[in-house]
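First to last, the protein sequences are chains Z and S. All residue numbers for the first sequence refer to my numbering, where the first residue is 1 and numbers rise by one. All residue numbers for the second sequence refer to my numbering, where the first residue is 1 and numbers rise by one.
Careful: at least some of the hints might be erroneous.
To be verified - Partner residues aside, some chain S positions facing chain Z, computed with beta carbon under 10 Å:
#1 Thr48
#2 Thr51
#3 Gly52
#4 Met108
To be verified - Listed next, with one range per pair, are the computed distances between beta-carbon atoms:
#5 S/Val50 x Z/Ser65: 42 to 50 Å
#6 S/Gly82 x Z/Asn84: 44 to 52 Å
#7 Z/Glu62 x S/Thr20: 33 to 41 Å
The set of hints was computed from the structure by calculation and includes no laboratory data. Since the model is a prediction, treat every value here as computed from it, not as a measurement. Every residue, glycine too, gets a C-beta built ideally from N, C-alpha and C.
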Amino acid sequence: DVKVTQSSRYLVKRTGEKVFLECVQDMDHENMFWYRQDPGLGLRLIYFSYDVKMKEKGDIPEGYSVSREKKERFSLILESASTNQTSMYLCASSLAGREAFFGQGTRLTVV
Amino acid sequence: TQLLEQSPQFLSIQEGENLTVYCNSSSVFSSLQWYRQEPGEGPVLLVTVVTGGEVKKLKRLTFQFGDARKDSSLHITAAQTGDTGLYLCAGEGNAGNMLTFGGGTRLMVKP
């Protein structure tokens, strides 16, 4: 079975902190995605990566950066967390043109 | 950005009723996927439609891809309480591997 693992289910951080959300997949997928999910807004794409060291901005990249040094790992970085970044963050991976497999999500609260 | 609009956003029905959820866009997609998400979990793929006009059935669920590959619908016959969840459509653009999600339809099936 494909497994996408996010490092934390719940996280509470203070405003201004640097936050790292880690995602690991075990199926050698070339594509990896970071979404945030907010009520009424669905899943909004923050960044996606189609290969190691390659990244593309999604719809809402402001305030975020990403790192993909190894194929299996895609990290989302909040350089200086703000309260409006409180959200559910979902990582996904896929092969090109195939279904996306999601992690269980990280619920981040910034206080 | 390729926008996908889902309607309705919320739907509350009685067990046994039929329902249809719509996913519309002004953009053409190379494929369209439907996911179902339960609370506390990531979305899980239900079906992928690729060809314009394609109809796929999954037990009581019928998925249709519009002829122009800009829209899709999900029809559920004789809904059951186990169908309760968030239904998301997602389109894969022609320019690459980016997956764009609609805002979701939250379905509640009451006994």
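task = Starting from the hint list further up, note which numbers the structure goes against and sort them upward.
result = 2, 3, 4, 5, 6
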